[in-house]
Amino acid sequence: MARIFKFADGISTDAIIPGRYNVTTDRAALGKACFVEARPDFSGAAKPGDVIVAGRNFGCGSSREHAPLAIQAAGIGAVIARSFARIFYRNAINIGLPVIQCDQIYDSVSDGDPIEVDVRSGRILTGGRSFGGATPGQVALAIMEAGTLIELIKTRGWAAIEDMSAAR
Amino acid sequence: MGTLTEEIFSRRLGRRVQAGDVVVAAVDYAMAHDVTGPLAIEAFRTLNAPLWDPERVILVFDHILPANTVAAAGLHRMIRDFADEFGVRNVFQEGICHQVMVERGFARPGGIIVGADSHSTTYGALGCFSAGMGPTDIAVTFATGKTWFRVPETIRIELRGGLPPGVLAKDLALQVIRRLGAEGANYLAVEWGGEAVAAMTIAQRLTLANLTVDFGGKAGLCEPDEATRAYLGEAEVSDLHPIRPAYRELVEVDAQRLEPQVACPPAIDNVQDLSAVEGIALDEVFVGSCTNGRLEDLAIVAGYFQGRQVSPRTRTIVVPASKEVYLQALAAGYIQTFMEAGAIVMNAGCGPCLGRQHGVLGPGERALSTSNRNYAGRMGSPQAEIYLANPAVAAASALAGAIADPRRVA
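So the sequences go chain by chain: A and B.
Per the numbering used here, residue 12 is the first one in the first sequence, and the count goes up by one each step.
Per the numbering used here, residue 16 is the first one in the second sequence, and the count goes up by one each step.
The shape of chain A in the complex, shown without the other chains:
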């Protein structure tokens, strides 16, 4: 069963992966350095599929994609936050790290609580309660369907997004 790592409001990309640790593109090295200073036990304790539940403005700051890559490489299956900073959210979607915006769950859970997340539907089960995430935008959904932005562009090109804007 996946477990929750709970974080506060305003978790910056500097907290997720400090500037001294992102001088690499190596995913394993990034995973090891995830929250290395803000929560030094994190990368050792996180098990595949575990879930981050955070407060407001998660991922604020730098555009460093090393941040969602580090979380992904640490094995985290989904990040649920009351709100996400724009660039982090877009980066996470682009690399295939599930991110779910959900306001209600935060006050109902504690660190270490068991949780189940269906990343496709955004349904979250924890402590006998069910929560729903906000529906992602249509571009985010198309990227999630393809897996990553690179896959979407490789397989369908910009037409995948141009078509949906023309349909409006």
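These aren't lab readings, by the way, just hints derived from the structure by calculation.
You can trust all of the hints, since none of them are fake.
Cβ-to-Cβ under 7 Å is the rule here; a few derived chain A residues that face chain B:
| no. | residue |
| --- | --- |
| 1 | D25 |
| 2 | P29 |
| 3 | G30 |
| 4 | R31 |
| 5 | T35 |
| 6 | T36 |
| 7 | R97 |
| 8 | I98 |
| 9 | L160 |
| 10 | I164 |
For glycine and all other residues, C-beta sits at the position ideal for the given N, C-alpha and C.
Using the hints, position chain B against chain A.
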């Protein structure tokens, strides 16, 4: 019709575009630097596509320049190999990417630029829609010359009145962040206007546009005007105005009633009036960054340092934003003034702002910086504290060895 953002996208797409529309738009330039560039290059290579246009790809070495570790040198090598292989000539090692983008004339009114750095909002000062994105987005633009946008709604900020002595563009931005909070403009564009902006130099407007991302903004725009024309040359500036714009929110700030603002640790929106934090002892003062490392900023600091000594218990580090700024500061005598006053002057680039190379803070240390981020761990130890303020406050504080009011420097 519409906000500056809607006008720019409507012109680019040749049809009326409104906030909320999802569009795929051609961009003028795509920029990456020595930290985000390697991820962008790796992602670009997985596309197996030719480079869209080598003349419109900009690569800047600034975050770790010169390389301070073997790992950093390896990333630099990788970027150079990519540039050689694909014929990218716009490779620069002459300052912070955002300053270089402006100095080199890539940022123009009505343009659209994407950069793999959050402070790419900076070019909005010239009326350019510019947004920070991550390396994967930039990689796709490297291959296609396009990216997708959800055209943002706009918060209009009207800065009324003139700036009192000791109060600078930085203080107006921090006051707005104090009011709106660190995610006050998340997903939104910001228009900076009003008489205080009209009276500002381009350097001051660059500070406003730069800090827009630090309260979440996707872009921060100033309407191009006579100052823009004087800065860029007449031919570069076409008419661009908001036309019957519908704003999501209007925020008014009375500049005349402001005192210098200080963002206190550990968050950009933990802003206090200078008087509330005066006297806090400092181990480091950093003057520089894409927010406040331009010639005007250095001139202000040199004015305070002339004939004085910085406090011996404080490291004072000055980093010009670019080689161009450095050369102008040399010619004006500022560099000599800094060094005679006891400050350390370092090569143009990002400097201590992101704690990756020189000027790193130790546990329990306190710094005051003219940069833009004060998260725990940003400039070094997570047990260090960072205060953000304008260059005049930085100068007065360097002299005192503690946070000080520039209006009271004798």
